[in-house]
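Student: Chains as they are written, first to last, in my numbering: chain A, 1 to 613; chain G, 1 to 624.
Derived by calculation from the structure, the hints in this document are not laboratory data. Remember, it's a predicted structure, so these values are computed and weren't measured experimentally. Treat the hints with care, since some could be wrong.
Said to hold, decoys possible - In silico DSSO-like cross-links for lysine-lysine, where the CA-CA straight-line distance does not exceed 27 Å:
#1 A:K299 with G:K69
#2 A:K226 with G:K467
#3 A:K226 with G:K69
#4 G:K617 with G:K535
#5 A:K110 with G:K238
#6 G:K238 with G:K299
#7 G:K507 with A:K573
#8 G:K507 with A:K226
#9 G:K617 with G:K589
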Amino acid sequence: MSSTLDHYVEVEDFKSKRPSIAVVAKVIRDLAGERTAFVLGAILVFGGTAATLYEPRLFGRAIDQAIIPRDNSMLARMTFFYFGLIVLRITSMIGQQYAFEILAQSLMQKLRLRIFSLYQRLPIATYDRTPVGRLITRLTNDTSSMSEMFSGGFVTFFGNILFILGSLIWLFALNWRLALIALCVFPVLLYFSVRFSRKLIEAYRDSRMRISALNAFLAENILGMKVVHLFNRIPFHFARFREVNEAYSFSQIAAIRVYAYFQPLITWCSGLGVALVLAYGGAMALGVNPTGAGFLRAKITPGELVTFISFLLALFQPVREVVDKWTVFLSGMTSAERIYGLFDWATEMSEDEADLENLGGQSPTILGRIEFENVWFAYEAENWVLRDFSLVLEPGMRVGIVGHTGAGKTTLISLLLRFYEPIRGRILIDGRDIREYGKRELRNRIGIIQQDVFLFSGKISDNISLWRGDLRGSETTRAALTRMGFMKPVETELDERGSNLSMGERQILSFARAIEKSPDLWILDEATANVDSDTETRFGRALDIETKGKTLVMIAHRLATIRKSDLIVVLHKGQLVEKGTHGALLRSGGYYARLYRYQEAVEAVEKNAPPIA
Amino acid sequence: MSSAASTASSSFSSLKERTSLLRTYLYRYRKLVFFGLCSLVLVDLLEILPPLLLKSAVDSVMASEPYAKLIRFALSYFFIMFLQGFCRWGWRIFLIRSSMLAGRDLRGDFAEKLFGLPASFYDKNRVGELMSLANSDVESVRQFLGPGLLTFADSLFYMATVPVAMYLLSPRLAFIALLPIPLIPFLVWKLEGAIHDRYKASQDQFSELSAMAQENLNGIRIVKAYAREQTQYTRFRKLGEEYIRRNLRLSRVQSSFGPLMDFFASFGIVGLIWFGGRYVGAGVVTLGTFVAFQRYIQKMIWPMVALGFAASSYQRALASSARLKNVFRQNSNISVASDPVLPAGFVPSPRARTAGRIEIRNLSFSFPADETNRLVLKNVSLTVEPGMRAAFVGRIGSGKSALLSLIPRIYPAPAGTVFVDGVPVEAWPIDILRSQIGFVSQEVFLFSESVYENIGFALHGWDPKEKESVIHAAAFSASVANEIRGLPRGFTTLLGERGVNLSGGQKQRVSLARALAAAPPILILDDALSAVDVKTEEGILRGLRERASRNTELVAAHRISTVKEADRIFVFEQGEIVEAGTHSELILKKSGIYSQFHEEQRLKEDLESYMDALDQKLEVRGAP
């Protein structure tokens with residue numbers, strides 16, 4: 001039965017396949033790194049299972065050797081021994097769970113760190129085409145399901161299998177004839193266990209997929225509720241919701257059905273087993289042989305009979321748990337496959353390169369001569385964003401870049417930061433090809449302020465220093481903050497997305513962030529587009545002080561901010577179309593001149609109209 | 001005395017109030033619940049018998065009684081288990097299924113409520129919070145109605161029966177064996193609390209960890225530009241270490257939980273061996289009784305643990321149902337007219353079209369979610385005659401969008417201020433009113449469906465052939481048909497996260513096509529083509545004049561080119577109409593806002609046409 005909302009989920013995410021040998025090998029290799037916890041846990045599993053297996057036997061022994069012979073001192077010893085056995089069992093049960101939890105946690109932390117480190121080193125181009133949500137799922141959900149496999153799954157799964165095997169051995173060792181008779185139901189049970197487990201996996205997968213689709217659909221409808229209302233679609237959308245809701249509860253109930261049939265089967269099997277033991281074991285104990293078959297001629301003590309029944313009764317529940325945990329195991333392995341798949345992705349730098357601490361001290365100073373030499377660039381093949389772009393900036397120059405949306409201005413900056421590499425041509429800084437600089441040391445020399453200030457949650461000071469030291473160049477930065485009239489204390493915690501800061505304050509904050517690394521080259525990407533004129537003036541003054549003698553590239557929407565530049569460059573569809581000073585460009589009467597006149601008119605309207613309350 | 005009674009009765013009524021939601025859904029499936037509980041009682045009653053049979057069998061062996069008796073015990077053992085198997089099937093099928101169905105209904109009722117709540121509700125409530133209600137709160141109510149109730153009933157029956165059987169077998173032994181048992185629910189209750197707190201602490205840390213990772217990925221450009229890969233890595237590592245610490249803290253309680261319960265019950269067995277062994281020796285009890293006691297003690301563990309679980313499940317369900325009821329209590333402030341009115345001569349039918357005369361009378365308005373009650377519209381009056389195109393000009397926040405949103409009742413206008421064909425909007429049957437209006441806003445919301453389904457949004461239940469031709473015609477009118485055909489799978493291309501991401505302009509045109517497909521007599525375009533280039537927009541607007549169902553058009557825009565052809569232009573400033581007239585009338589007022597606006601636009605168009613010329617002049621070269 002297919003639901004109507006399947007396209008709301010990534011169907012692939014819900015498929016759990018039989019794990020491939022390669023993945024199992026990788027998991028085992030990682031497990032080998034946690035040898036201590038693993039060995040300790042395994043020993044405790046063995047010890048605990050052994051104690052559990054011996055308990056019913058001891059109970060039987062107590063009957064045969066102390067209670068029936070009325071040997072009270074033996075009874076005292078056995079009681080004591082029994083108590084010791086319980087303590088051993090309980091402690092090893094606690095210990096094994098804890099040991100495997102430690103194993104799972106440490107394994108997952110290592111894996112998470114590996115993933116995170118990979119993410120830090122992925123090129124920006126990868127981020128352009130991969131939704132962040134999917135990357136996060138790998139880092140969080142998939143590691144969680146793997147950790148569940150190691151902590152909960154492993155112990156129960158292997159502990160129970162060990163218990164089942166141990167019980168079988170005990171039963172045969174006690175009385176193999178009786179064991180054969182009692183366990184004739186066992187193959188039937190195993191057969192149905194495997195069948196039910198398959199059905200269960202299917203039902204669980206179905207129900208998880210449907211609830212995800214349902215949630216995605218509901219969330220989207222909440223966001224687009226206005227449209228649903230305007231088009232009178234409430235009844236239809238609700239009908240669709242109800243349909244999938246129905247399908248969801250249907251698949252939930254399907255899982256319940258599987259259990260509902262499985263549980264009685266276990267009850268019947270165990271009932272039949274015990275009844276057989278009572279009949280034949282009782283006959284053995286009584287010394288009668290109702291069938292006359294020589295096969296059944298054997299002796300059994302009452303204690304052994306009781307032990308036998310105890311084992312038999314304890315044998316069936318673990319079968320159910322093994323079936324249950326098989327799904328945990330499968331989904332853990334599927335997650336493992338997805339995670340290990342990540343490590344084949346190409347990165348932009350090696351782990352060593354990303355690991356350089358104290359970059360500030362090591363990286364060379366840049367004088368600030370920048371050359372673009374016939375640079376061509378496209379994000380997708382043949383869709384050129386920059387065409388044959390050439391420009392030389394001398395150290396200390398202030399350059400304004402003007403152009404329409406999509407002219408290629410921001411791409412220029414991305415190339416300078418080596419987020420992407422030119423397809424043709426090259427970029428030189430101080431006469432050296434930028435590919436000869438390390439990516440991180442190069443980026444560390446460039447101070448960039450953008451229109452959309454990305455704020456991290458945390459304190460203002462964290463956002464300035466980006467968690468490197470405690471406001472390193474604090475004095476310069478603090479002075480700059482004061483100069484720009486930033487009054488909030490740097491210890492202030494930011495609200496979600498920095499909503500307790502005004503646009504101007506955010507911009508000042510991102511400026512302070514750049515000042516902190518005392519860059520040799522400054523880039524402003526529409527930095528003052530959202531800022532009121534008052535802040536803009538103070539911002540401009542501070543900028544003059546901080547960038548004195550440094551090369552400064554300004555992309556500006558509002559031309560007033562770049563009027564005073566040494567050089568203004570107009571980009572159009574990736575090509576340089578005008579170049580000169582403000583005065584020269586105005587006189588030439590081209591794009592720049594028209595844009596300037598238009599902006600003057602806009603400002604006139606804004607001055608005329610009263611401000612919005 | 002009387003005060004105590006009144007406290008009791010008031011606490012009873014508050015209990016009644018708090019459990020009302022739970023009881024509603026329990027009552028709905030009372031038959032299933034009843035059968036489920038009956039099966040459960042049978043399971044529990046049958047559960048008493050096997051140890052007794054075991055006792056008889058052992059005693060019979062010890063007394064060397066005839067073998068036929070033993071066979072009878074074996075047969076009855078199997079028979080009992082056979083019956084019990086049926087009952088076990090029964091309680092799962094009845095009780096757990098009833099909770100699945102109740103969960104489904106609650107989820108459905110909650111969604112139905114959400115679908116009925118107006119825009120103002122969604123202005124105040126975030127998607128994440130609502131989704132958490134629809135998920136975890138519904139689930140915790142369901143958990144109680146199913147497994148919670150089950151374990152509660154189960155342990156009650158057990159406690160009412162098993163100790164009785166034990167007492168009947170041997171009062172002395174029963175006392176010894178049950179001595180440590182009452183500690184269990186107490187321990188469960190204590191440990192459950194600790195587990196809950198520690199679990200929450202671990203979940204909180206996990207959210208923090210994911211939030212940090214998410215933020216890092218969203219801000220990856222900053223991280224890279226500032227060469228802070230390593231610093232972020234260190235932060236992530238520390239959060240991970242804290243997460244481990246909290247998980248282990250949780251695990252220390254959690255991993256000892258089950259074993260500890262077991263330990264207490266096992267105390268009973270130790271006591272049984274010590275004392276019971278002597279009693280058997282002294283002939284106080286039989287060996288069979290001794291064996292039966294071992295089984296009974298084992299059986300007592302689960303109900304005791306379950307009691308603790310059931311209590312905390314109940315607590316959680318109450319908290320969740322309180323949160324859910326908060327939403328169920330919300331009123332839709334878009335009232336449904338008790339006595340709907342339609343314009344004279346308008347006969348409702350799927351294809352009926354109203355004339356489309358819009359009148360606004362002395363309208364002042366503030367958004368319902370705005371607690372400061374700031375007026376976004378002040379005393380606005382205007383009339384738009386059928387067949388007219390009216391344009392609304394003004395800056396962001398000047399009130400034009402607010403005005404337009406009142407006509408299809410996205411927000412409720414004060415009664416008697418907004419009229420469509422002489423009938424106040426609140427008196428119209430709301431679905432008929434909305435079917436007469438095509439509303440296209442600047443913010444486009446498309447669904448993760450195919451382009452075809454998105455454009456055919458209003459055509460539910462149409463003949464597929466007719467639907468197809470209407471959809472294609474609408475896409476053509478919105479000048480987006482060719483681009484849609486160019487998509488990987490044409491009109492059947494899926495939109496959204498798992499499909500194709502359209503550009504802003506394309507989205508706006510698809511959204512226009514969606515409105516046009518319904519052929520509404522009144523068309524409202526609220527800055528709906530802002531991301532579409534001027535030429536295409538002019539083409540679309542010209543085309544709209546010819547559409548068959550056309551009556552009234554209300555167009556809000558920032559571009560002069562969009563509005564200059566309008567029959568009447570209203571200029572808004574701070575919630576008031578400051579200028580009104582045709583384009584040629586308004587530009588005569590040199591100092592007026594409109595005429596400044598016009599000058600600004602003229603210069604902009606000059607720039608844009610220069611850019612077009614530039615495009616043609618520059619030879620668009622390929623790579624060398």
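Student: Of all the hints numbered above, which does this structure not satisfy? Sort the numbers upward.
Tutor: 3, 6, 9
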